Amino acid sequence: MNAKDGPIELSARDLLLFRGERCLLDGVSFSIGTGEGIALRGPNGTGKTTLLRVLCGLTEAEEGAVYWQGTDIRRQRQLWQAALGWSGHLNGFKADLTVDENLAFYSSLYGQPDYALPPELGLGDCISLPVRALSAGQKRRTSLAAVILGNSPVWILDEPYTNLDVQGIDFLNQCLSRHINGGGALIIASHGNAHADLGIKELTLEQGQLS
Amino acid sequence: MSGALKTVFLHEMQVSFRRWSDLVSPLVFFVVVVTLFPLAVSPLPEVLQQIGPGVLWVAALLAILLSMNRLFRDDFEDGSLETLVLAPEPLPLLMLGKVLAYWVQVAVPLILLAPVVAVAYDLPGNALQTLVLSLLLGTPALSMLGSVAAALTVGLRQGAGVLAILLLPLSIPVLIFGSRAVDLAVNDMATRGPLLLLAAISVLSVTLAPFATAAAVRVSLD
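So the sequence lines, in the order shown, correspond to chains A and B. For the first sequence, this note's numbering assigns the number 1 to the initial residue and increments by one for each residue that follows. For the second sequence, this note's numbering assigns the number 212 to the initial residue and increments by one for each residue that follows.
Derived from the structure by calculation, the hints contain no laboratory data. Please note that the accuracy of each hint is not assured.
Derived DEER-like restraints, expressed as beta-carbon distance ranges [said to hold, decoys possible]: (1) A/R178 / B/A375: 26 to 32 Å; (2) B/A426 / A/G182: 32 to 38 Å; (3) B/R230 / A/G35: 21 to 27 Å; (4) B/A375 / A/P7: 27 to 33 Å; (5) B/I387 / A/G27: 51 to 57 Å.
Chain B stretches covered by chain A per the calculated footprint, using a threshold of three residues with CB under 8 Å from any CB of chain A [to be verified]: (6) 214–228; (7) 255–268.
Remember, it's a predicted structure, so these values are computed and weren't measured experimentally. Here a beta-carbon is modelled for each residue, glycine too, at the ideal position from N, C-alpha and C.
Bound conformation, chain A alone:
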């Protein structure tokens, strides 16, 4: 499914979330549309990953909601999830299966049984190796490959630059800018300045507030 054809409207309204006694999200609201990107910044432990998980629908906020095309994502999980490409800290791959087998499973789960890996991804040699044998950078490339192959209109990536080498960062930036220019939306959590070339909006999460 390629849902990039229509306009995109993803918004979060008044998200409130506690972890223990700590307030991680204190009335966070923002919205993002076609061809836009957000880089989420902030010190470790401020809740960037939690916010991204709330946007995906993996974690429930105590108050507030996330809206996809104007409707609460909890009311239309399948529609929202068909439009979402997510890459988190865990790569979600089976260590005993090869890169090829893992990506084939991922693609057929997303209704695209035939997939072709972009050669620039630099995975050519290790496609038939078990994921267990890959380096951290190669694992990261594999999990980004899954998102790129998914071709969803909204990409939510949690620290996508981690463990990537210079070529990897260049290639990822090319993919991300192609995604944005092609009418997609992008939200990333990022520590460094690797995303500077993309020219996307930066928001900082601190003490539950987005600024």
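Take the given structure of chain A and dock chain B to it, following the hints.
Chain B alone, transformed into the frame defined by chain A:
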């Protein structure tokens, strides 16, 4: 829609055949427990025929229970549970595919082995048939109920113990009807009643448990 079920089922089979040692341990457990009882209790055929149905069913139940906490553990740790939850397919269907694969991997070999090890109890031929049939009808229910408990406890560090406490009371009806059916067959009586009840429990759990499992997985990932 059923394409997703097939995809998950085949993927699960592929993963577990790469880690075949995980598949063997419940079977070894089953065989060891079942063969040790006649050695420890009594060599008399009348005694063995009396305890056989119960021992076989308890061993099968525990073999399934002990391997159950592995159902979601690896997926939780490597993040593939997130992938399943975020896939654009109905989650209960994906869970059904997973449990179906688990049943084929663990319960089917166990059902095939049961009549072989049951020879140690001097069970008559019709009781062996009933044993296979009762396991065939009862193990789907055990697997489905186990998947709910496994999904609820996957996020806990001491999950295995909690899983056992959650699952044991739920599996007692299956155990009672299963061993009772074999017991009736040993005494040459009609086994239809308990077998039909087992089938009813399995149909009920196969239709309802995937929804509970899906909800429990979402809670565990939160």
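Cross-check of the supplied hints:
no.	hint	result
1	A/R178 / B/A375: 26 to 32 Å	violated (51 Å)
2	B/A426 / A/G182: 32 to 38 Å	holds (36 Å)
3	B/R230 / A/G35: 21 to 27 Å	violated (44 Å)
4	B/A375 / A/P7: 27 to 33 Å	violated (52 Å)
5	B/I387 / A/G27: 51 to 57 Å	holds (54 Å)
6	214–228	holds (count 7)
7	255–268	violated (count 0)
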